[in-house]
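Once you have looked at the hints, place chains B and C on chain A.
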Amino acid sequence: MTHASRRSRRLALVATLAGTAAALTSCAGGGATSTSGDVDTLRVADYYTDEPARSIIGDTLDACGASIGVTIEREAVPSSDYLSKILQQSSSRTLPDVQMIDAQDLPAIASSGALSPLAERSVPTDNVGDSVLSLGTVDDEVYGLAPTVGTIVMFVNNDLLQQAGVAVPTTWDELTAAAAALTVDGRYGIAFSAKNDGQGTYAFLPLLWSAGGSEDELDSDAARAALQLEVDLVSSGSASQSTVQWGNSDVGDQFLTGSAAMAITSGTQMSKLDAEGGRNYSITAIPVPTAGDTAVAPLGGEVWTLPRSGDDAREKAAADLLACIMSDENQLSLAEQRRVVPANPELDSAYLETLPQLADYVAVVRDGRSRTAILQEAWPTTNQAIWTAVQSAVTGQSSVDEALADAAASAASAQ
Amino acid sequence: MTSVTTPTAQTVRRRPAREGRAPGRRRVSRERVYQWLFIAPALLYVVLFFAYPVVKNVVMGFQDYTTASFYTGEAPFVGFANYVTIFSDPTFWPSVTNTFVFTIGSIVGQFTLGLAIAVFFRRRFPLSTILRSLLLLPWLLPVIVSTALWRSLMDQDSGAINVVLKGLGIIDTGIPWLASPSIALLSVIIVNVWVGIPFNVAILYGGLQDIPEELYEAAAVDGASPWRTFWSVTWPLLRPTVTVVILLCVIYTLRSIDIILGLTRGGPANSTQTLPTASYFQSFQQFQFGLGAATSNVLIIIAFVFALLYLRASRRSLTD
Amino acid sequence: MISSLRARKVRSTRDSVLGVLLLVLLLFPVYWMVNLSVQSSGSNLASGLFPTEIHLDGYRAAIADQSANLVTSLVVSILSVILTLVIAIPAAYALAQFRLPGLNLILLVLAVTQMIPGIVIANSLYSSYNDLGLLNTMLGLVLADASHSIPFAILLIRTAMQAVPVAVLEAARLDGAGLFRSFRSIAVPLARNGIITASLFSFLFTWSDFLFALTLTTTDDLRPVTLGIYTYLGADQTDWSAVMATSVLASLPAIVLLLVAQRYIAAGASGGAVK
Numbered sequence: 009m010t011h012a013s014r015r016s017r018r019l020a021l022v023a024t025l026a027g028t029a030a031a032l033t034s035c036a037g038g039g040a041t042s043t044s045g046d047v048d049t050l051r052v053a054d055y056y057t058d059e060p061a062r063s064i065i066g067d068t069l070d071a072c073g074a075s076i077g078v079t080i081e082r083e084a085v086p087s088s089d090y091l092s093k094i095l096q097q098s099s100s101r102t103l104p105d106v107q108m109i110d111a112q113d114l115p116a117i118a119s120s121g122a123l124s125p126l127a128e129r130s131v132p133t134d135n136v137g138d139s140v141l142s143l144g145t146v147d148d149e150v151y152g153l154a155p156t157v158g159t160i161v162m163f164v165n166n167d168l169l170q171q172a173g174v175a176v177p178t179t180w181d182e183l184t185a186a187a188a189a190l191t192v193d194g195r196y197g198i199a200f201s202a203k204n205d206g207q208g209t210y211a212f213l214p215l216l217w218s219a220g221g222s223e224d225e226l227d228s229d230a231a232r233a234a235l236q237l238e239v240d241l242v243s244s245g246s247a248s249q250s251t252v253q254w255g256n257s258d259v260g261d262q263f264l265t266g267s268a269a270m271a272i273t274s275g276t277q278m279s280k281l282d283a284e285g286g287r288n289y290s291i292t293a294i295p296v297p298t299a300g301d302t303a304v305a306p307l308g309g310e311v312w313t314l315p316r317s318g319d320d321a322r323e324k325a326a327a328d329l330l331a332c333i334m335s336d337e338n339q340l341s342l343a344e345q346r347r348v349v350p351a352n353p354e355l356d357s358a359y360l361e362t363l364p365q366l367a368d369y370v371a372v373v374r375d376g377r378s379r380t381a382i383l384q385e386a387w388p389t390t391n392q393a394i395w396t397a398v399q400s401a402v403t404g405q406s407s408v409d410e411a412l413a414d415a416a417a418s419a420a421s422a423q
Numbered sequence: 065m066t067s068v069t070t071p072t073a074q075t076v077r078r079r080p081a082r083e084g085r086a087p088g089r090r091r092v093s094r095e096r097v098y099q100w101l102f103i104a105p106a107l108l109y110v111v112l113f114f115a116y117p118v119v120k121n122v123v124m125g126f127q128d129y130t131t132a133s134f135y136t137g138e139a140p141f142v143g144f145a146n147y148v149t150i151f152s153d154p155t156f157w158p159s160v161t162n163t164f165v166f167t168i169g170s171i172v173g174q175f176t177l178g179l180a181i182a183v184f185f186r187r188r189f190p191l192s193t194i195l196r197s198l199l200l201l202p203w204l205l206p207v208i209v210s211t212a213l214w215r216s217l218m219d220q221d222s223g224a225i226n227v228v229l230k231g232l233g234i235i236d237t238g239i240p241w242l243a244s245p246s247i248a249l250l251s252v253i254i255v256n257v258w259v260g261i262p263f264n265v266a267i268l269y270g271g272l273q274d275i276p277e278e279l280y281e282a283a284a285v286d287g288a289s290p291w292r293t294f295w296s297v298t299w300p301l302l303r304p305t306v307t308v309v310i311l312l313c314v315i316y317t318l319r320s321i322d323i324i325l326g327l328t329r330g331g332p333a334n335s336t337q338t339l340p341t342a343s344y345f346q347s348f349q350q351f352q353f354g355l356g357a358a359t360s361n362v363l364i365i366i367a368f369v370f371a372l373l374y375l376r377a378s379r380r381s382l383t384d
Numbered sequence: 007m008i009s010s011l012r013a014r015k016v017r018s019t020r021d022s023v024l025g026v027l028l029l030v031l032l033l034f035p036v037y038w039m040v041n042l043s044v045q046s047s048g049s050n051l052a053s054g055l056f057p058t059e060i061h062l063d064g065y066r067a068a069i070a071d072q073s074a075n076l077v078t079s080l081v082v083s084i085l086s087v088i089l090t091l092v093i094a095i096p097a098a099y100a101l102a103q104f105r106l107p108g109l110n111l112i113l114l115v116l117a118v119t120q121m122i123p124g125i126v127i128a129n130s131l132y133s134s135y136n137d138l139g140l141l142n143t144m145l146g147l148v149l150a151d152a153s154h155s156i157p158f159a160i161l162l163i164r165t166a167m168q169a170v171p172v173a174v175l176e177a178a179r180l181d182g183a184g185l186f187r188s189f190r191s192i193a194v195p196l197a198r199n200g201i202i203t204a205s206l207f208s209f210l211f212t213w214s215d216f217l218f219a220l221t222l223t224t225t226d227d228l229r230p231v232t233l234g235i236y237t238y239l240g241a242d243q244t245d246w247s248a249v250m251a252t253s254v255l256a257s258l259p260a261i262v263l264l265l266v267a268q269r270y271i272a273a274g275a276s277g278g279a280v281k
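Protein chains in written order, with this note's numbering: chain A, 9 to 423; chain B, 65 to 384; chain C, 7 to 281.
These aren't lab readings, by the way, just hints derived from the structure by calculation.
Here a beta-carbon is modelled for each residue, glycine too, at the ideal position from N, C-alpha and C.
Mixed in with the good hints, there may be bad ones.
[Claimed, not checked] Here are some of the chain A residues that sit facing chain B, going by a computed Cβ distance under 7 Å:
id: 1; residue: L95
id: 2; residue: S99
id: 3; residue: A116
id: 4; residue: S120
id: 5; residue: G121
id: 6; residue: A122
id: 7; residue: S222
id: 8; residue: S248
id: 9; residue: S250
id: 10; residue: T389
id: 11; residue: Q392
id: 12; residue: Q399
id: 13; residue: Q405
id: 14; residue: S407
[Said to hold, decoys possible] Here are the simulated SDA-like pairs of lysine to any residue, each with C-alpha atoms no more than 20 Å apart in a straight line:
id: 15; chain 1: B; residue 1: K120; chain 2: C; residue 2: D137
id: 16; chain 1: C; residue 1: K15; chain 2: B; residue 2: K230
id: 17; chain 1: B; residue 1: K230; chain 2: B; residue 2: I247
id: 18; chain 1: A; residue 1: K324; chain 2: A; residue 2: G121
id: 19; chain 1: B; residue 1: K230; chain 2: C; residue 2: F56
Here chain A stands alone, though its shape is the one from the complex (with noise of 0.2 Å):
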């Protein structure tokens, strides 16, 4: 610490010492306990701050604290902000003892040091497929597992099609013709995230992959061919310009009023689609270039890690909530009500039993990819470069090609 703050620190000390009484004797959050032995409460924190996913959450931790005899204190944040307070309580050695982090954010807090790997822990990797352990895996080292992940999928209007007598799309040039002729006066064929975050990247990179292109080569025939499909969606009027605005949920809401015959939006969706009720939909894979070629997705969904405390007690009680709440029944039972997939590839079966419509669904998760698989804590950087080129090209800002070489030597600076 500099000088001045060990001043500022010490007159901070002074000056408070009369409120810090009866602050004290109000409830005081932060410290993790540093004497071993027995465990009454664990700390775990997340970023549900909203129903019905909030109590979804809940009752699951509350249960597995239980299970091994401790109550859960539970710290929600609001999803825009959970990475500065994990920056801070990393920095103030008062990390909880089970942390959710984003996929796609697991590098770079699992860089920093502050994540016990989870084979230090002995928690069990077993009942959870290559592709959904790929998510938690940062340098070959396992720091995160998720018990249900989702992806991103196609929507279609079941009554719209027919009505306009078009075939659901399989390939790019039947979606660019469907898109058209769906198209009227009021709807758009189509929508999609090119909104400047996650979102936006999330929507490119299946058309990406797809093409056989990759995350770490943006300057690619495959990348062109992708952004240039998104180009063409929204040149053509097919779909709308506002897509640079929309997240994920906004597409969601344009397909729920009709405004967008089909929508390419994360599977979640689902729910908001269930219970206001009446869309005649289904869900299929997003189209890919030609007939033939496989479908890949990328995974979203979150990860829960095990942050080191230094307390032997507390650690061995939090790998074990881990591992309760990485049980098959939860993980069943959790992507039921949030209309994810489960982890473990064996609990298909029983998933499909209960949702059958989702076969389509859990396909494209089985195929589906990380991330940060390739790129691990330089994604952040591509992320952004990704999202930038398809709002340039898609705004007609920069043409593909230049879009993407910008891309590329940006991403090309973080590495």
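For chains B and C alone, kept in the frame of chain A given last:
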């Protein structure tokens, strides 16, 4: 035209200090001590809450600060490398331009409209008190709510603004307020002006209320037109308030980040990226906190230079 | 005589109408907020220009979930205003009326403190608060929120203090009034407009603060409404009617307070004293 001015602290320049003439040095120093007591708590507060963060931010600009630095406390010293990196980033100078356009556009809009409205409200009429309070509503709303509202209003297809404009026949197709790189900055300025008008109105109104009524009556007796009255009576006496309002507005707008993040997140295609938003992305997207600190330090220096020049200029004009 | 009275009344009425029109134009987004708050629960941001039916689900949810949070916000805001005024008013007087060395530097520093990005301050505060046990406390929040308002209030009130006629102050001192007495009995009342405006905005700064609320609390015990509103804001879906209803409810006590405060901004507070 008769004018009555009372000597106030700002019109009376450099009078010899009373304290120097007081008999006995003992009373002088005790008076001084009491004077410092007036300001000591505020200074203590500022030091406690701002000194450490500022120093830390300045130092961080010279370090390679990553997520690991938060945990381990170690951050290697890299000299001016961060500054070189941000200055040579192709998006840096556009961000600087956007920052200035955004700030100047917002201030001009907020101030002129705010002043006009404040002058209007100076006339007493029924409902004026209630209306003045309701006018503060834009400031009351949480940023997440006001940006959501404006995004909804400015949606190209279904937004109320385009619906009304189309209904009135002013436009044929919806304007892509927030979706077009060429219009987005203007739209963001409009929203910022909307948010900032209450601030200007409230403070300027308070300042207007301090101008003695007799001066206006005297001007009316002399047959001065409203415009003349404004320039001869209102403006000179409002100057100190105007100085403070503009200083604060510029500073708040320079560092403004929430409105832009909520509306466009710096897009589309970086067209609304300003220095504060760029700093945010460097820190919380790329996890390069050293770069983020360097960018925000550049911003702080710009604000500092502005405040310095502005305060000096406003002091000089008061002595003319 | 009668015709000028009528002319004034006509002008008053015309001004009222103009004022209402102005507000309608400026506050159209606020109307939009109310419009969205009475839509059916969970619906998205798109809606017709006028609500076709009134749904009160949003308000039901807001009242059930956010009442405690509203009270918290109110208490923290009021306490923070009090603290701000106690510290800022004397400081503003000193900077306006005393010949202190380094006065210009102090002013510059105050202006620049307003420039520091909030996240920078929040990060440092978290560590200190954690060490001092101030997390999740009312005192901690009040101290942090006041730190933003104090420099602002000093700058604003200083302008009002500068307008206090030196002659009146000198007369009081010659009559035997002490430093503090002349400050309290003469300067403060004369600077009333500036003080009230400063309190208004100190209240609003704290009321709408999100960053400190987020950083300095980890549990649900103390949750200002700016944080509480995230009960309805999610990554996948948002209950906009509840969000807007909360916002409407949150605006009400604030408007009442502001109305009360605005009444006290009287004309010519400093004008008559020299006579």
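Here is what the structure says about each hint:
1. L95: holds, 5 Å
2. S99: This hint holds: S99 (chain A) lies near chain B, its Cβ roughly 4 Å from the closest one there, short of 7 Å.
3. A116: holds, 5 Å
4. S120: holds, 4 Å
5. G121: holds, 5 Å
6. A122: holds, 5 Å
7. S222: Violated: closest Cβ of chain B sits about 21 Å from S222 (chain A), beyond 7 Å.
8. S248: Holds: closest Cβ of chain B sits about 6 Å from S248 (chain A), inside 7 Å.
9. S250: holds, 5 Å
10. T389: At about 5 Å, which falls below the 7 Å cut-off, the nearest Cβ of chain B leaves the hint on T389 (chain A) intact, so it holds.
11. Q392: holds, 5 Å
12. Q399: Hint holds; Q399 (chain A) Cβ to chain B Cβ min 4 Å, cut 7 Å.
13. Q405: Result: holds, 4 Å to nearest chain B Cβ.
14. S407: violated, 13 Å
15. B:K120 to C:D137: Status holds; Cα separation ~18 Å.
16. C:K15 to B:K230: violated, 38 Å
17. B:K230 to B:I247: Roughly 18 Å between the alpha carbons, so the hint for K230 (chain B) and I247 (chain B) holds.
18. A:K324 to A:G121: The given pair, whose Cα atoms are some 18 Å apart, holds under the 20 Å limit.
19. B:K230 to C:F56: holds, 17 Å
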